[in-house]
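Residues per chain are reported as follows:
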Amino acid sequence: DGGITQSPKYLFRKEGQNVTLSCEQNLNHDAMYWYRQDPGQGLRLIYYSQIVNDFQKGDIAEGYSVSREKKESFPLTVTSAQKNPTAFYLCASSMPRGGGSGANVLTFGAGSRLTVL
Amino acid sequence: QKEVEQDPGPLSVPEGAIVSLNCTYSNSAFQYFMWYRQYSRKGPELLMYTYSSGNKEDGRFTAQVDKSSKYISLFIRDSQPSDSATYLCAITTGRRALTFGSGTRLQVQP
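Chains as they are written, first to last, in the numbering used here: chain A, 47 to 163; chain B, 43 to 152.
Derived from the structure by calculation, the hints contain no laboratory data. Among the hints, erroneous ones may be present.
[What the hints assert, rightly or not] Below, simulated DSS-like cross-link-like pairs (lysine-lysine); rule was C-alpha separation at most 27 Å, straight line:
1. A:Lys129 to B:Lys109
2. A:Lys55 to A:Lys129
3. A:Lys116 to B:Lys44
[What the hints assert, rightly or not] Reference listing, derived: stretches of chain B covered by chain A, where coverage requires no fewer than 3 residues with Cβ under 8 Å from a Cβ of chain A:
4. 57-69
5. 136-144
The beta carbon of each residue, even a glycine, is placed where N, CA and C say it ideally should be.
The task is simple: from the sequences and hints, build the whole structure.
See the structure below:
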């Protein structure tokens with residue numbers, strides 16, 4: 047079955063540690079995204095990538111880093127510079143529609159919940 | 043002012059009721075409108091997608107868009123306990139990543 051796999055599902059981190067969240071997709075989608083979800087705030091965009099070896103900052107990129115070395119993979123590193131990292135992180139992918147012919151419909155993974163101790 | 047405003051709820055209704063979920067937006071350039079459903083501790087899944095003013099129906103679900111008022115709605119007829127979830131509106135110009143509302147938590151009581 048095609049889909050997006052996020053791991054780990056739950057992660058605990060001590061203050062000052064970097065952690066990396068994995069996101070793998072087998073949908074052959076070009077674009078991938080990372081969102082952060084906090085209670086009552088909806089989804090906020092951290093980073094997105096439209097092609098391999100290229101990515102752009104979203105609305106809340108500070109304290110995060112990403113890489114896109116393969117089409118299927120878009121890992122997110124939460125660095126110690128992120129002041130409030132406890133949240134639910136969602137990875138998504140889409141097949142961009144060229145020429146303004148429509149919106150990018152996102153397919154989401156099941157999410158990773160990060161808790162800082 | 044947020045680009046997309048959505049009442050967070052929670053909204054509690056009895057089984058069989060008609061549910062109305064709403065979002066307002068500020069940017070008239072938005073032209074693609076979606077509703078995602080998110081069960082607890084899961085990722086969101088696409089429920090409805092529209093790009094024009096008017097209604098779109100899919101089974102018990104109807105999405106309504108009023109571009110003149112910058113107002114979108116999702117109606118659920120004959121609501122079921124399995125509809126209990128958080129519903130997120132998502133809007134885009136088509137050239138940007140989606141902008142999400144904060145989500146409305148719905149509880150359908152059996």
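Q.
Taking beta carbons only, do three or more residues of the stretch 136-144 of chain B come closer than 8 Å to chain A?
A. That given contact holds, which follows from 7 residues of the stretch 136-144 of chain B lying within Cβ reach (below 8 Å) of chain A.
Q.
Check the hint pairing lysine 55 of chain A with lysine 129 of chain A against an upper bound of 27 Å on the C-alpha distance.
A. Status holds; Cα separation ~21 Å.
Q) Are there at least three residues in the stretch 57-69 of chain B whose beta carbon sits under 8 Å from a beta carbon of chain A? A) n = 0 at 8 Å, threshold three: violated.
Q.
Just to be careful, I want the Cα atoms of lysine 129 of chain A and lysine 109 of chain B compared with a cutoff of 27 Å; is the pair within it?
A. Violated. Lysine 129 of chain A to lysine 109 of chain B sits at ~39 Å, over the 27 Å cutoff.
Q.
What's the verdict on lysine 116 of chain A and lysine 44 of chain B, does the C-alpha distance respect the 27 Å limit or exceed it?
A. violated (35 Å)
Going down the numbered hints, you'll see the structure goes against 1, 3 and 4, while the others check out.
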